[in-house]
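> Here is how the chains run, residue by residue.
Protein chains: 2
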Amino acid sequence: MSFARLDMLNRKLEALGHAQAMLGVDEAVMMPDGGGEKRAEAMAMLAAMSHEMASGPEVGEMIATAEGEDLSPEQRTALREQKRVYVNLTCLSSDFVKRQVEARVRSEQLWRKLRPAGDWKSFLPALTQVIELAREEAQRRADVLKLDPYDALIEQFDPGSRVAAIAPVFAELKAFLKDFIPQAIAAQKPAQKNFSASFPIDRQKALGETMMKAVGFDFEHGRLDVSHHPFCGGVPTDVRMTTRYDTADFLSALMGVLHETGHGLYEQGLPKAWSHWSVGSARGMTVHESQSLFVEKQIGRSAEFWEWAMPLVREHLGPAAIDGWEIEDLLLHVHEVKTGLIRVDADETTYPLHVILRYEIEKGLVEGTIRPRDVPEEWHARMSEYLGLSTRDNYKDGPMQDVHWPSGAFGYFPSYTLGAMIAAQLWASLEKDHPGARDDMRNGRFVEINGWRRDKVWSQASRYSTPELLVRATGEKLNGRHFEEHLRRRYLA
Amino acid sequence: MSFARLDMLNRKLEALGHAQAMLGVDEAVMMPDGGGEKRAEAMAMLAAMSHEMASGPEVGEMIATAEGEDLSPEQRTALREQKRVYVNLTCLSSDFVKRQVEARVRSEQLWRKLRPAGDWKSFLPALTQVIELAREEAQRRADVLKLDPYDALIEQFDPGSRVAAIAPVFAELKAFLKDFIPQAIAAQKPAQKNFSASFPIDRQKALGETMMKAVGFDFEHGRLDVSHHPFCGGVPTDVRMTTRYDTADFLSALMGVLHETGHGLYEQGLPKAWSHWSVGSARGMTVHESQSLFVEKQIGRSAEFWEWAMPLVREHLGPAAIDGWEIEDLLLHVHEVKTGLIRVDADETTYPLHVILRYEIEKGLVEGTIRPRDVPEEWHARMSEYLGLSTRDNYKDGPMQDVHWPSGAFGYFPSYTLGAMIAAQLWASLEKDHPGARDDMRNGRFVEINGWRRDKVWSQASRYSTPELLVRATGEKLNGRHFEEHLRRRYLA
Numbered sequence: 019m020s021f022a023r024l025d026m027l028n029r030k031l032e033a034l035g036h037a038q039a040m041l042g043v044d045e046a047v048m049m050p051d052g053g054g055e056k057r058a059e060a061m062a063m064l065a066a067m068s069h070e071m072a073s074g075p076e077v078g079e080m081i082a083t084a085e086g087e088d089l090s091p092e093q094r095t096a097l098r099e100q101k102r103v104y105v106n107l108t109c110l111s112s113d114f115v116k117r118q119v120e121a122r123v124r125s126e127q128l129w130r131k132l133r134p135a136g137d138w139k140s141f142l143p144a145l146t147q148v149i150e151l152a153r154e155e156a157q158r159r160a161d162v163l164k165l166d167p168y169d170a171l172i173e174q175f176d177p178g179s180r181v182a183a184i185a186p187v188f189a190e191l192k193a194f195l196k197d198f199i200p201q202a203i204a205a206q207k208p209a210q211k212n213f214s215a216s217f218p219i220d221r222q223k224a225l226g227e228t229m230m231k232a233v234g235f236d237f238e239h240g241r242l243d244v245s246h247h248p249f250c251g252g253v254p255t256d257v258r259m260t261t262r263y264d265t266a267d268f269l270s271a272l273m274g275v276l277h278e279t280g281h282g283l284y285e286q287g288l289p290k291a292w293s294h295w296s297v298g299s300a301r302g303m304t305v306h307e308s309q310s311l312f313v314e315k316q317i318g319r320s321a322e323f324w325e326w327a328m329p330l331v332r333e334h335l336g337p338a339a340i341d342g343w344e345i346e347d348l349l350l351h352v353h354e355v356k357t358g359l360i361r362v363d364a365d366e367t368t369y370p371l372h373v374i375l376r377y378e379i380e381k382g383l384v385e386g387t388i389r390p391r392d393v394p395e396e397w398h399a400r401m402s403e404y405l406g407l408s409t410r411d412n413y414k415d416g417p418m419q420d421v422h423w424p425s426g427a428f429g430y431f432p433s434y435t436l437g438a439m440i441a442a443q444l445w446a447s448l449e450k451d452h453p454g455a456r457d458d459m460r461n462g463r464f465v466e467i468n469g470w471r472r473d474k475v476w477s478q479a480s481r482y483s484t485p486e487l488l489v490r491a492t493g494e495k496l497n498g499r500h501f502e503e504h505l506r507r508r509y510l511a
Numbered sequence: 019m020s021f022a023r024l025d026m027l028n029r030k031l032e033a034l035g036h037a038q039a040m041l042g043v044d045e046a047v048m049m050p051d052g053g054g055e056k057r058a059e060a061m062a063m064l065a066a067m068s069h070e071m072a073s074g075p076e077v078g079e080m081i082a083t084a085e086g087e088d089l090s091p092e093q094r095t096a097l098r099e100q101k102r103v104y105v106n107l108t109c110l111s112s113d114f115v116k117r118q119v120e121a122r123v124r125s126e127q128l129w130r131k132l133r134p135a136g137d138w139k140s141f142l143p144a145l146t147q148v149i150e151l152a153r154e155e156a157q158r159r160a161d162v163l164k165l166d167p168y169d170a171l172i173e174q175f176d177p178g179s180r181v182a183a184i185a186p187v188f189a190e191l192k193a194f195l196k197d198f199i200p201q202a203i204a205a206q207k208p209a210q211k212n213f214s215a216s217f218p219i220d221r222q223k224a225l226g227e228t229m230m231k232a233v234g235f236d237f238e239h240g241r242l243d244v245s246h247h248p249f250c251g252g253v254p255t256d257v258r259m260t261t262r263y264d265t266a267d268f269l270s271a272l273m274g275v276l277h278e279t280g281h282g283l284y285e286q287g288l289p290k291a292w293s294h295w296s297v298g299s300a301r302g303m304t305v306h307e308s309q310s311l312f313v314e315k316q317i318g319r320s321a322e323f324w325e326w327a328m329p330l331v332r333e334h335l336g337p338a339a340i341d342g343w344e345i346e347d348l349l350l351h352v353h354e355v356k357t358g359l360i361r362v363d364a365d366e367t368t369y370p371l372h373v374i375l376r377y378e379i380e381k382g383l384v385e386g387t388i389r390p391r392d393v394p395e396e397w398h399a400r401m402s403e404y405l406g407l408s409t410r411d412n413y414k415d416g417p418m419q420d421v422h423w424p425s426g427a428f429g430y431f432p433s434y435t436l437g438a439m440i441a442a443q444l445w446a447s448l449e450k451d452h453p454g455a456r457d458d459m460r461n462g463r464f465v466e467i468n469g470w471r472r473d474k475v476w477s478q479a480s481r482y483s484t485p486e487l488l489v490r491a492t493g494e495k496l497n498g499r500h501f502e503e504h505l506r507r508r509y510l511a
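Those protein sequences? They're chains D and P, same order as listed.
Residue numbers for the first sequence follow our numbering, beginning at 19 and rising by one.
Residue numbers for the second sequence follow our numbering, beginning at 19 and rising by one.
Hints in this document: simulated from the structure, not taken from any laboratory.
Any given hint could be a false lead.
Same chains, same label: a pair holds when it works inside one copy or across any pair of copies.
With a straight-line Cα cutoff of 30 Å, these simulated DSSO-like cross-link-like pairs (lysine-lysine) come out [to be verified]:
| # | residue 1 | residue 2 |
| --- | --- | --- |
| 1 | K231 | K131 |
| 2 | K101 | K56 |
| 3 | K414 | K356 |
| 4 | K30 | K101 |
| 5 | K223 | K101 |
| 6 | K223 | K356 |
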């Protein structure tokens, strides 16, 4: 039976994926520098073996034959998702992929070298080549998938999301935020208290782990370590999260830990029986980001959460840590609104404008309405209009700040803000079903909140496209007003 | 070209081996318990994929074709070793291997359950089955390899070693030790000083790492962690060593660390260009053990080493650690001779008798001259004769103490003592070439000592069989007198 053969193939692929995931974690957390070269070789070889096994013509034949077999509805859903992945894997010729990988590696390396000095002029030729190849990729995928080129790229990160749905939502959000941000800035008080104590790493770690546990992270199936760039990796049965600690500011690690915990909970909540099929994996970057932002923004930056969390901070970091602080003092830190040029430093009110700026420009690049050499001007014009800031002649803090384009990731940026909006929409829906949700947070109780999320999101894995998943979970399509209400409540109330 | 195709195949196998090695390390050092089930699945799958890739008939054809190709002498050596491995991999039918694995797993699990109570009677049927299968394996291998059955098993752990060479050496050593041990016990003074301080783990770790570095371990390509059972794992470019700490006795971790460092230096010293060919791997268990015992016994327990090491202990563990100790006080601890029932607790003088006992019994089991049910009596008789100790009705500390036979490893035990003898022979040869070697140790200088070892052993990898390697390194065959002289010098001088 072809379905059974696919099942066996998927088990092999899962083992290779398990190895790649764990080797990636080990590389960031444990590996000494000298191990890097051979590790990179091994990783590339495992990736090539996986790709070959997953994309060979015999896989296509197995899928086609299995479609005619007597399958349960669950099996049929799994097969449909495998077919989607297979078609996406085989859209591009291996010759094209090779050319593209080479150009991307070269461009990313050059970007790392030129970014500190913001040398846009020297970088432009490499970026131009990456963009040309992205346009070619988009066209090739579009032809096979019967989608618009930019949609075909979005599909790689967020299956089912389309410009037709995103564009109006982003337009409305942009209009909202252009008015909202100045109001939020005007309404906020400056922080009254600042950190003066030093926060030992082992205590910060214990605090982080206590909060992870409380919000539902299962330490029987995961752990928290340290790495230069925080991430959530590993496999669903063994989720490896990392953070990095700043002894002068415990909130920096803690907020990061809560964010990664959101990713971790999603992974831990995926259905075990289908772990080797793509239908059992997380549903793309947007839904993943919605889960991390749910924990970080909806829960971890809410006033209710801090009613419960303040005593925990004192308990773990000692009485001198935030001596004399009221909850308002802490909220002024986690709710600070401030415009700035750098996306990764942005707060939740300004972040979407950074994303929309990039979305508009990359869409233009892919569609050919913006030329690579015009990116700095397009960037400056939008940054001025959306956030009142100039990036004229400042490439480093302008279009050279992110790794995405240099590494060839076009269609990824929208995920961040779609994820933030979905998180707010999920919270609103959850609160409708479970009106005690905010009281739960005040009491450090996350069982019902997580039960709802498990039911609506985690256990659904990749059974549906992102838009379908959202409608099934919340009863409505993507609706930016939930995010707007969330911001209004938090920053203007 | 077939040789080039084999080269590519070996790179894939190296990547799979890299993954398996690192997943094994991660499992022991980092993995939370809940990750174990899926990890075991992934490991089994990767092992099966490796085995399939390495043992398929097309590999045999590639080897045969490559033999007719125009190859350099190095390539020809690599091909010869690959052929040896291939023949050994394909001696057994996959059906037989499956039966054997099942019996071994069952037997080892049963052993873990029954060992604490020493329930030999309940264990015997499972062990008998494992022994029957080992005899069958030995016969199958013997037919293909044109070797005696027990030699065919030894070949799996120590290529080239044969009973014809081992038997007289073991017989002589046994005769020597039966006289020597009582003399050594009579000659030794009891320890005058005992540990009273507590040794914090972080300081023990720093001390261990300082010594590792001094004896040549490259921390750019390796690290030291903690695990329940100490081991040396990873890959040559990234050697992962572990230990466990006893805060009441710093020597227990330190001696273990020196032992594992010996393994680690061998791995780090293997030739990089051939890392993906079996010719570039370590030459079996005996040579590996010779390298660990070289560092632990020849270096790490020598009086000269401690002239240099005592001040380091004080520096790292603080002035109270071994307050008032003279070097002799410390040597009384690292040179203690004591008979006992347990192999892993034995000192270097009694250890070989534990091994020879097992060698004689397992040889008899494989050859059919000893029946499984007679093992306890054979054990007791030898233990009484060699060490003057009884194991009558004491199965737990008798034939049930080791995991080797329950897990089906017959032919492995000789490696331990062959390794110890080779370590002594290598030291004697090194000292002839480099008479300042003991002075080097007094000064914590290991450059020349390691240079000699790199030249004679590490860089030779699997180019030669163990006996050939030894002759090339020391100019003579395995000669037990070097080990005897080593013991005389250390324990009777």
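> Each hint should be assessed against the structure and marked as holding or not.
How the hints compare with the structure:
1. K231 <-> K131: neither (40 Å within a copy, 34 Å between copies)
2. K101 <-> K56: between (34 Å within a copy, 25 Å between copies)
3. K414 <-> K356: within (20 Å within a copy, 70 Å between copies)
4. K30 <-> K101: both (17 Å within a copy, 27 Å between copies)
5. K223 <-> K101: Neither: 43 Å inside a copy, 52 Å across copies.
6. K223 <-> K356: within (28 Å within a copy, 46 Å between copies)
Hints 1 and 5 from the list above are not met by this structure, while the remaining hints are.
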